[in-house]
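Using the sequences and the hints, build the whole thing.
Numbering (this note's numbering), first residue to last: 1 to 115.
Just so you know, these hints were derived from the structure itself, not from any lab. Some hints here could point you the wrong way.
[What the hints assert, rightly or not] Taking lysine to aspartate or glutamate and the EDC-like style, the derived pairs with C-alpha atoms no more than 20 Å apart in a straight line are: (1) K58 - D31; (2) K58 - E19; (3) K66 - E10; (4) K66 - E19; (5) K58 - E10; (6) K39 - E19; (7) K58 - D46; (8) K58 - E95; (9) K39 - E10; (10) K39 - D50; (11) K58 - D48; (12) K66 - E15.
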Amino acid sequence: MQRRFAVAPEQILAEIRDEPYVRWPQRMHSDPRRHNQEKYCRFHRDHDHDTSECRQLKDEIESLIKRGYFGRFVRRNEVSPRCRERTPEQPINNEPNGQEINVIMGGFGAGREST
1 MQRRFAVAPE QILAEIRDEP YVRWPQRMHS DPRRHNQEKY CRFHRDHDHD
51 TSECRQLKDE IESLIKRGYF GRFVRRNEVS PRCRERTPEQ PINNEPNGQE
101 INVIMGGFGA GREST
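Structure follows, in structure tokens:
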């Protein structure tokens, strides 16, 4: 699951487009005559889908965040879905429950003779 960004991916692309660490994709390999000419992706520099819909751009931004380039684009106050699924922690009960634990000390493992 991908994280949510604090700003839209196309805004992030506008800020990072001149950075040397951005890995730009190759042009799309499908037949250009079949591309939707009403949509344009600034990341692919090609028609067929909008920049806001570009899965590769979102993956590249995610990769850059993981590599430590800019966490400023990540929402900080959002709880991840995994955290939301957790059940609340139960209070720890330190009251005696009547069970007994016996311990044997000494012997060869302790470096002394057994008695």
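So, going through the hints one by one against the coordinates:
Straight-line distance between C-alpha atoms of K58 and D31 comes to about 24 Å, which puts the hinted pair past the 20 Å bound. A C-alpha spacing of about 16 Å is found between K58 and E19, which places the hinted pair at or below 20 Å, so the restraint holds. The straight-line distance between the Cα atoms of K66 and E10 is roughly 19 Å, inside the 20 Å bound, and the hint therefore holds. With a CA separation close to 16 Å, the supplied pair K66 and E19 stays within the 20 Å bound.
For the suggested pair K58 and E10, the alpha carbons sit about 9 Å apart, so the restraint of at most 20 Å is met. Taken as a hint, the K39 and E19 pair is broken in the structure, with Cα atoms around 25 Å apart against an allowance of 20 Å. Between K58 and D46 the alpha-carbon distance is near 16 Å, which keeps this suggested pair within the 20 Å criterion. Distance hint between K58 and E95 is unfulfilled; the C-alpha atoms sit about 51 Å from each other, more than 20 Å.
For the suggested pair K39 and E10, the alpha carbons sit about 14 Å apart, so the restraint of at most 20 Å is met. Between K39 and D50 the alpha-carbon distance is near 5 Å, which keeps this suggested pair within the 20 Å criterion. Note on K58 and D48: the hinted pairing holds, with a Cα-Cα distance of about 16 Å set against a maximum of 20 Å. The straight-line distance between the Cα atoms of K66 and E15 is roughly 18 Å, inside the 20 Å bound, and the hint therefore holds.
In this structure, the earlier hints numbered 1, 6, 8 are contradicted, and the remaining ones agree with it.
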